[in-house]
Amino acid sequence: MVQMATPRGKWIGARVKRVEDPRFLTGDARYVADLTLPRMVHAAFVRSPYGHARIKGIDASAALAAPGVIAVLTHADVASVPPLQDPIALDGLKKTPQTVLASDKVRFVGEPVAVVIAEDRYLAEDAAELVQVDYEPLPAVTDAEAAMAEGAPLLFEDLGSNVVYDQTYRFGDPDSAFQQADRTFKKRLHTNRFMASPMETRGCIGQYDRGLGELTFWSSTQMPHMLRLSLAGFLGIPEQKIRVITPEVGGGFGQKMTLYPEEVVVAFLARHLQRPVKWIEDRRENLMSATHAKEQIIELEAALTNDGTLLGLRATCIGDGGGYSFNTASALVEPQAAALMMPGLYRVANYEARVVAVVTNKTPVGAFRAVGWTAGHTARELFFDEIARELGMDPVEFRRKNMIHEDELPYTTCSGQVYDSGSYVKSLDLALQTVGYDELRARQAELRAQGRYLGIGISPYVEPTAWGSEIALQVGFPFPSHDNARVSIEPSGKVTVAVTTHSHGQGHETTLAQVAADILGVDLADVTVVFGDTAATPWGMGTYASRSAVIGGGAVTLAAQEVREKILKIAGRMLEADPADLVLADGKVSVQGSPDRSVTLAEVAVSSYFVNSVRAEGEDPTLTATRFYDPKATYSNGCIVVVAEVDPETGQVRLDRVVSVEDCGTVLNPMIVDGQIHGAVAQGIGGTLYEHLVYDDQGQLLTGTFMDYLLPTATEVPPIQVEHLETPSPVTVQGIKGMGEGGLMASPAAVAGAVLDALAPFTPKVEELPLSPERILRAIGTITD
Amino acid sequence: MKPPSFEYFAPTTLDEAVALLAQHGDEAKVLAGGQSLVPMLNLRLARPAALVDLNRVTGLDYVRAENGHVVIGALARQRAVERSADVAARQPLIAAAIRLIGHPAVRNRGTVVGSLAHADPAAELPAVAVALGAEMVVTGPNGERVVAADDFFVSYLTVDLAPGEVLKEARFPALPPRTGWSIVEVARRFGDFALAGAVATLTLDDQGAASDVRVALFGVADRPVRVPEAEQVLRGERPDDDRIAAAAEAARAALVDPPSDVHASAAYRRHVAGVLVGRALREARERAQASG
Amino acid sequence: MKRAIALTINGVRVEAEVEPRKTLADFIREDAELTGTKLGCEHGVCGACTVLLNGEAVRSCLIFAVQADGAEIMTVEGLAQNGQFHKLQQAFWENHALQCGFCTPGFLMSSYALLQENPNPTEDEIREGLSGNICRCTGYQGIVAAVKSVAGSAE
Ligand SMILES: Cc1cc2nc3c(=O)[nH]c(=O)nc-3n(C[C@H](O)[C@H](O)[C@H](O)COP(=O)(O)OP(=O)(O)OC[C@H]3O[C@@H](n4cnc5c(N)ncnc54)[C@H](O)[C@@H]3O)c2cc1C
Ligand code: FES
Ligand code: FES
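Protein chains in written order, with the working numbering: chain A, 23 to 807; chain B, 3 to 294; chain C, 2 to 156.
FYI, nobody ran anything at the bench for these hints, they're computed from the structure. Owing to the predicted nature of the structure, the values given are computational and were not obtained by experimental measurement. Note that beta-carbon positions come from the ideal geometry of N, C-alpha and C, so glycine has one too. One thing to keep in mind: the hints can contain errors.
Stated by the list, open to error - Straight-line Cα separation of at most 30 Å, DSSO-like style, residue types lysine-lysine; simulated pairs: (1) A:K39 with C:K149; (2) C:K88 with A:K32; (3) A:K32 with A:K654; (4) B:K31 with C:K88; (5) A:K209 with A:K423.
Claimed, not checked - Taking beta-carbon pairs under 7 Å as the criterion, some of the chain B residues facing chain A (in silico): (6) K4; (7) R147; (8) L159; (9) A266; (10) V277.
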């Protein structure tokens, strides 16, 4: 697909206020929790208090007798529902089926064991406490390496091992690279388990109409059609008899792109009880049972020449997948993604990667913004900082030397990614210039003399985007991936755009309207974007992995162009002019050079729908087109620089500022791009300094509330300055690239890099994140016992 | 996450409150600002059979200066105390401590006395009470008694209050002349409970020596602790940097068994306690010197 | 046992019989049917449930509805007057202070209270004043900018 010759109008690229905002500002926006249906009842799940235990029996009689209780279901009641498992077809990947309510065993604290339905949530929680589950506790294993060891307690006895995947990939000739090297280096990094933690937790409502045999399902999900497909399969309801509606979704970041057992149970109950059933997850449930993310143990080795040229890399990425190799994309979702992108934007000709996925007695791991890449990128960048320090090189020089330069693009990496275009060195330079790198180094020296420790962290990145089939293959998850858009001009001349990529904060109602408005020559206010209802949109995969701008934008472009051609054809007949001579702008079609010969778009639409004479024989009266788009792989890039000050007596970190240079090709709306970066960087700050899901060795989650799971607030996130470069992709429609994830891929390395750079005089050693005050003091040897 | 059921009482006088508490014994809990109790109820970590809500008791929200003390009634909100002119003039340490508690919306509801009664070992106000030698005025079925802060805080979330008793007010001695003060802490985020914190006051005599010095720590034991070992190093001495460093070291050495949790180990708390004692004493010295 | 209570919410009297354990947040959302007020944690940390109780910002998940009997409550639905945005709402819109919008009602109410008390806060005061509210989408950049843009301007 080549870049389309659509002239850029006034909307694409404009910093337009979001059209969706007013309803959120007034409190009128409706999320699942805000919906009420007649006769609705409420679910509360009984969850495992053990990390690993056998279920010997369940007695629900006391719960059933409690006030307001309608039903209590356990595995036996839902045994007809098949277990959940991932759809990834990779040789050697073992499956770990998960029944929607635990049957014989529980494998993590928080696993759903039973469900109570009552007249309200208060009563449901009361009764849930009365369900007596007879557990036989089993030894738990909560560390991935311990789980791999001989004799470790097994989560799935029939698999004979906790390792669900272990493969080694070789690209180039890594062994000779290491033999030829002047110097070799090693690093280990155990990245912390943290999570998406959207401010709206999960939730859903099921309503079943027995007469019609139809299930309507409201869910806070990122993927309505995929959810419908799954529910159909699990419940045996024909897909076309299920309607999935996603009202407003209060953030997802990957956590809501999976099928959850709770959703299946609620849908089951709606049919079973013949009453609408609502389940709104509470925060404690979200922290212990919604997917966790990002935890890997990564070991890296690098082969270098004396002048700092990188000859080869070796990586071992062990993904700690939690209690089940989860149905999103299996326990490989972390280590596979990390391993394949490990070379990043550096010239690495020879590379060996071992990818291991392990199950442990912790919450299953799923996608979270920049899945896999955060951990891999952080490990590599911190490793490169260490190497540069050892070699006595400035970290910038080391990177510049090994980085792919613009004139080498397009560039095919040894592990098979095709970097189409970008501004790698330019982004680095712009970031350094914006932050004032040389002055900062001078200031750092000055402050050190006063006993103050300032540090600069630098993290250049390349970000796979536009999650279509091709990129899915390039980054290790072969699965077809495309989406659709339907663009319609209504008889009134107004435009409806129906898309399958869902918005939960990304502002698609604005950006996709900008695309359609430019192509159709209408005002933004005349375009309405519809999504989140399987009855109102064509079939599609949903929003994940920075795909919506490219795929949604691309599909809208293609469909709008088709509609545009129809409009011009009809207007040509109305104006008795050649369509090629017509101009479509400002809601009017006029003849090039003679602006008074014109018709309004509304006139064209009315004619098309109602005036048979303007149509050719057999021509469709509707001004509608539905087009799909499965883009070629395209890669965004950028560079994040963080400035931090560290108190070496207490280990406290204060971030001064963040500079982020972003090149995501054609920018649809810079305000929204900035917002995505701000949010992703803040999440990176959280994951590097504050957020950590900590377990004890029995699998108890020790950070199960927001008092202990620490999300950064306005006092922890410093000003973030975003600078834009724009290198349009040569391979996508409109030259758009995605950009939702780079901030969380790259900011942790910049934050941690800044902290470690500040402490360089103490030669800090860090093998684990997050950088809590304690870890910082240990890294510099202030506390040792 | 919904609270379990409870019986709810909203007495309008303290006598009535005491009678209700006495009637329900240890099944009942006082509800003040609710900023600690209600999260515990919502999480079902507390399940009192009855709640006796003090919020409708009239005349309990006072903050006043009285006989060289700042006296704070059971319903005085942290935010009101933080803004009180009497507090600013007589015992600014209280206001400074309150500013380290949570966030404005928490302080709008939370009470000073509730924080003392709750006795979280990492809380600021109990440590201030211990450092200043505040008095706790307790009302119960058998009348009123006054308990010294040192005796009031027993252990983790446990104070010297019998079933049926209410903490009616706390009396903080006003700051003497030529006295400097400080409260410093390390918390993970702004507004979080402290991993460790230190409170210090320092009174200088005409020669510039420390005639009185008080050091208390929070977050490092099962309750706020006074640190006489550190105070001794300075009492009667000029508080120069070396002496203060020695006092900080003494504080570190005096810590018996600091707690370990997901946010910090005992070793971290011990180390940082010393750092904070040093910082608090230096700041208190500067303020004392500035106060002429 | 249920109790009869009466509150004024955004100037409208709301009466209901409630169980003492019902939180003010649930009362506002369920009994008063004002679902703009959100629940993000129900244990006092996230600030999504922030409303004004007799003029002061409070976490409505940490107050029981019975405690608010007779009180004046203001929620996000009370900000706009006669179909006109409050200047904070306008500023949030212009500064891209929201993405998914879930935290927005809480931030608006906290910002409103902050400016009532301190009409001209510095950036640090804004950040500290809003530190009891969590947003997972925006990194706070737009929110701080929005409040800053309103700071100092008269009511
Ligand atoms: C997000 C958040 C952050 C916080 N951060 C901090 C912090 O950094 N530092 C800090 O110190 N606190 C912090 N807190 C707690 C807050 O300060 C509470 O206000 C305080 O601990 C308790 O005061 P309260 O009036 O709310 O008491 P309540 O929650 O009503 O009561 C707490 C306990 O004390 C008992 N009690 C209360 N008053 C009396 C009385 N008069 N007589 C007898 N018993 C009584 C109650 O029965 C209960 O057991 C935070 C709270 C939140 C929600
Ligand atoms: S819901 Fe009340 S503070 Fe989070
Ligand atoms: S806008 Fe989504 S949480 Fe703030």
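Violated hints - listed by number, lowest first
4, 7 and 8
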